[in-house]
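Hey, can you piece these two chains together into the complex? The hints should help.
Each protein sequence line maps, in turn, to chains A and B.
Going left to right, the first sequence walks through residues 39 to 451 as our numbering numbers them.
Going left to right, the second sequence walks through residues 842 to 974 as our numbering numbers them.
To be clear, the hints were calculated from the coordinates, so they are not data collected in a lab.
In this text the structure is predicted, and so the values were computed from the model without any measurement.
Among the hints, a few may not be true.
As the list claims (entries may be wrong) - Partner residues aside, some chain B positions facing chain A, computed with beta carbon under 7 Å:
#	residue
1	VAL853
2	GLU854
3	THR883
4	GLY886
5	MET930
6	ASP932
7	GLU962
8	GLN965
9	MET967
10	SER968
Stated by the list, open to error - Simulated DEER-style distance windows between Cβ atoms:
#	chain 1	residue 1	chain 2	residue 2	range
11	B	LEU925	A	SER352	52 to 58 Å
12	A	HIS223	B	ILE940	23 to 29 Å
13	B	GLU962	A	ASP212	45 to 51 Å
From the three backbone atoms N, C-alpha and C, an ideal C-beta is built for every residue, glycine too.
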Amino acid sequence: MTPGTGTEGLLRELAPRVLGAVVRRYGNFADAEDAVQEALLAATTAWAAEGRPDNPLGWLVRVASRRMADQYRQQEARRRREDLAASWSLSMSPEGPHPAPGHDDSLILMFMCCHPSLTPASAIPLTLRAVGGLTTREIAAAFLVPEATMAQRISRAKAKVKASDEPFTLPSPDARPERLRSVLHVLYLLFNEGYASSNGPDLARSDLSGEAIRLVRGVRDALPEDPEVAGLLALMLLTDARRPARTRGDGELVPLAEQDRTLWDRALIAEGVALITLTLRQGQVGEYQVQGAIAAVHDQAARYADTDWSEILSLYGLLERMTGNPMVTLNRAVAAAMADGPGTGLALIDGLGERLGDHHRLHAVRAHLLELAGDNPTAIVEFRAAAAGTTNLRERHYLTTKAASLATERADG
Amino acid sequence: MRFMLLQNYGEVESDCPPMTEWTPGDIKAHIDFQHALNNELTERGELVDAQGLAGPDQAKFVVANGAGAPVITDGPFPESKELLAGYRMVDVETAERAIEIAAQASAAPGPKGVPIRQPIEVRQVMSAPDPEV
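Chain B on its own, in the form it takes in the complex (with noise of 0.2 Å):
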């Protein structure tokens, strides 16, 4: 089974400042935490892809009707919690498994090594049919 793990910008539960205001160390050791958990889901068998995306300020908002030019907005935007920071995209066994990657990934480090508790989406990835059909 396939799920996504998906984060969005600033959305966290404790109330650490944003990243850009960490001390070197702490930004070093929540990156860490970052590689050694992708490794580790490497070495289990279970990493499919795991991608950040550029920051908000880099984004853009495309509505089109088909005919006339695109309306493109650029960022930043304010609301910039509501947009997609990054993904791991997970092969499982179980449901019950990429809970709990996704609890490890909520509890990486913050200031002095202080857990975030980022809330993580978990998506299940639509897969194959019943062959029965």
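So that you can see chain A by itself, here it is in the shape it has in the complex (with noise of 0.2 Å):
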């Protein structure tokens, strides 16, 4: 859930905006942050007591720049004096220190987290505490991480950050594109990261897909007129919309085909199909904007067998020659055995082994294939494979009883 109207969302909104013009006023993003992150904790117990601010802003930027003050008043006292003046020289602008401008702060910072030099997994957590504005303990406990381990990982991610030695600027406009994918990346990634455990016992971990929604809003904000930042937006909406659908109350999945629509958020699909109708139009298609519209296509049939897959298949078939991924091609050989039979979709995954080897999800396609063709026998020695490669628990409960069920009904016929 995104965070509402309380002080948590407020804190949330506010944070990038504190670590903006912090970082502003005394450069150094890795102390700044740290100091954001006690400001942000810190109003959390003031606020309750004492009651919210008239201007919660300035409050937290000042109680973090105390912060600021605090550390290098310490540091001083370790005669580091000269470093410090150096630091302090650098980081100013000739003009001084900026107002907070807002929306471009939390998009430089996005550039910052989602750094080329960082991986993902290091990239994802730093995100959310810098940008979203979330706290240790609740990244730790969204990751399933000891608090501990997700401080250390953090900071090594901000020392990483440091030694890049950027600059507190967007990046130049030739690096932009090339940047905005790795922070998109990231993003994707944020979401999948929710939404592949958003039900049953990992309940903490659904936050995860609405603050990725929440930090792709704010990129779109910040860069409204960016294709791909709206399909990618596009996507997670009509992907999220599907969510009250895909899992069973005992947490078990429940695929594309046999989930219950009615169930789908009808306000969120909306929101989708509008945003990539616009979007497409603009003609600068990209992989998100693809993905989105493919999604669009699914969330927009009443029915299972109302679904256009004459359209998905074409949607893949331009999304393959995009990527050139080999799971993309997996993804059109189902659209085409839903258009034009199990034999085509068979056909074009016929040469994929090379490419994927052993992939389990080589396997469940395959299996489902064979399934529709008829080939009950094949379908079960697939379903099983599929089953014993998965490194998840969920989807290898579903092979197997697929596996099982197909081998009952060979069993009674």
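This is the structure in structure tokens:
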């Protein structure tokens, strides 16, 4: 859930602006980020006791700045005055500290946190803390690791950003497309992290997809004209819309074909469809837009049988040409099977073994297509192979059950 | 990616004696090594959990059919090397990194600081499904 109007929601909204203001004033992203985290924690306690201040942003900037000043004073005491003076004068722009320009600061922070020197596994928690305003404890809980481990992961990520020695400004125009791709990739993975395990015993993790949507909305506020940002937002909205139908009460997966579509979130679908339609009209089509378009086609079918498979087939064809990714070919094979019969789909994946090896998704797709083709004995073998190869428990349950029910049918028939 | 690094009792590749026969100094060095490894893994943002289990003498085997009283077998068990001694759970970026950590753990020091070469079983923990389902 995206936080609402409560203190927690407000703090998360303000976090990147506070951080932007403090970094502009003192430089040193890594220390400033720690100071802001402390200010956010202090606000939770102080505002609960004394009420919310009239100017929450000013309050947070003041408290975080005081922490920075304290830190520097301690460092000074450790005879580091010279270094400090140097770091101050370097970090100050000629015209002195700027007022916080809001969106721009959040965007600069996004670029820093999703720096190409970081792996997504380090960029994600850093982004959640520095831009998302989540506490280390919340992030640790979402990723099911101890707080100390997560704190270290974040501070190592910050050390890497620091080592890259990047000034607190937007990347240069020629570097920007590549850097934006990193940002969108990190947010895409964050969304998947939450979406993949958003129910049953992993409730805490569903927050992550809500956070990803909130952060992409923030990027879109700063870059309203970028079609891939819009495409990614549409993809997330249209995927998240299906979440209520995607797992059963016991946490087991429900495949798209069997989902109760009345549970889908109509408001999210309407927003996502409108957004992707508008964006595709601009004509600079990218991967996220195509994926968003595919999600839109699924979401607009009232029943699985009503799905416009030929449209999905051509969209996967386009995506395959853009990416050359064999996983996309697998999806295209499913669409081809639905549009033109299982034989066509099976023919498409025939050569994929060389590129995908013994990948469990290849087995799973082949199993489904063989089942469609009525070759249950071979489908059972493929379902079992897929179950043995997957590293996900729910998927293994699903695949094992599929193999078992086909085997039972055979025995009964 | 999460991995369990599992180690069993008494099962080492070197010919070192059981720990009860080591010198106090060697035991301390071994324990310090384990702490240092855990600290290093926390420091790298990788440690999820590390636990040692009570000895095989404390182990019990329980078998039940759901209706009658369960059959409980008490230790000690002669085949104690089949029993789990402890585990680490790590959250790492690659399978190679899990193997690297396992190699470090396997080389824990024994008597006179010689690595005991304990086999470490590396098992991936089941994770999130592909989002495209």
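Under the constraints set out in the numbered hints, which ones does this structure not fulfil?
1, 2, 5, 7
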